[in-house]
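> Required output: the full structure, derived from the provided sequences and hints.
For the protein sequence lines, the chains are W and G, in the order given.
The first sequence runs 1 to 149 under the working numbering.
The second sequence runs 1 to 143 under the working numbering.
Any given hint might turn out to be false.
[As the list claims (entries may be wrong)] If you want the footprint, here are the derived chain G segments under chain W, 3+ residues with CB under 8 Å:
#1 13–27
#2 101–110
#3 127–134
[Stated by the list, open to error] Some chain G residues close to chain W (C-beta under 8 Å, calculated; not the full set):
#4 Ile30
#5 Ile92
#6 Ala122
#7 Ile137
What the hints contain is simulated information worked out from the structure, not anything from laboratory work.
C-beta atoms are modelled at their ideal positions from N, C-alpha and C, and glycine is treated no differently.
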Amino acid sequence: MRILASVFCGALFGTGLLISGMTDPQKVLGFLDIAAVQTGGWDPSLAFVMAGGLVVAFPFFRFARSRKNAICGGKVELPTRRDIDRNLVIGGLLFGIGWGMVGYCPGPAISALAFGHTETIVFVIAMITGMVIHKLMMATLYKAAITQK
Amino acid sequence: MENFTPYSALLGGALIGLASGLYLLLNGRIAGISGILGNALTSKTPTSDRIEKLAFIVGMIIAPTVILASSPISAQSIVRASWPAIIIAGLIVGFGTRLGSGCTSGHGICGLSRLSARSMVATLCFMGAGVATTYVIRHVIGS
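Encoded structure:
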């Protein structure tokens, strides 16, 4: 059941990304290019994607707070961290730089694989490599911290 | 504003929000794509959990593939960047989203829906850096 729900939600998510235009990097960059307001070339569409997403998701998250168990079994697991640390800020900034360079963030890059362009495939492989590098770095730092103690 | 598409943006956004909300109710998890992909790749994640996350990713690829193959939708996905830029951008998007524990979906849609201050800060960081980078590439280097 949980696997089926995952495929279904993933499919819905991917459909939303495609319809919204998020899978097109030029559309995304057209939004991030706020300086183009002066020339009338700014494309505010992405703000509408965000607004549509938040309006629909908000009541679900409200409702889920009062629920302990998920419908397909298991617990409802919401993030518990509240601290604003250096990693959050540096990670966000790095991600934003990469986003502005090409116009892909993780979700749209994955769904854009449907177009079959080599550029997208290379981007996704690089993105996965970046995630693996992060994992290895954290493991190394963790080991170093333990041996220091 | 010739590229402005408010209706398809709202509809697509609503579907993304619906998918995130349903995923939370059905499976009890946050639909953050960098987290889903990252944890699907980590051997520390229990196998059943990994399969679920991979299933989400498969759904994300299959649905657009079917839509593109079966309907005359005019969607595009044009990358205008050099190969080194594509690779560097991919690397720092992957690394940055893991370091910052989330991306546009996890912090942007889910985090802001929970009114999380952490996600608000993260969203401001990547939006700000995205705008600044686009500015530099299009109007400083590109002009």
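> If a hint holds in the structure, say so; if it doesn't, say that too.
Hint by hint, here is what the structure shows:
1. 13–27: holds (count 15)
2. 101–110: Result for this restraint: holds, n = 8.
3. 127–134: Coverage by chain W holds for the region 127–134 of chain G (8 residues, Cβ < 8 Å).
4. Ile30: holds, 7 Å
5. Ile92: holds, 4 Å
6. Ala122: Holds, because the Cβ-Cβ distance from G:Ala122 to chain W comes to roughly 4 Å (cut-off 8 Å).
7. Ile137: With Cβ-Cβ at 7 Å, under 8 Å, it holds.
The structure agrees with every numbered hint stated previously.
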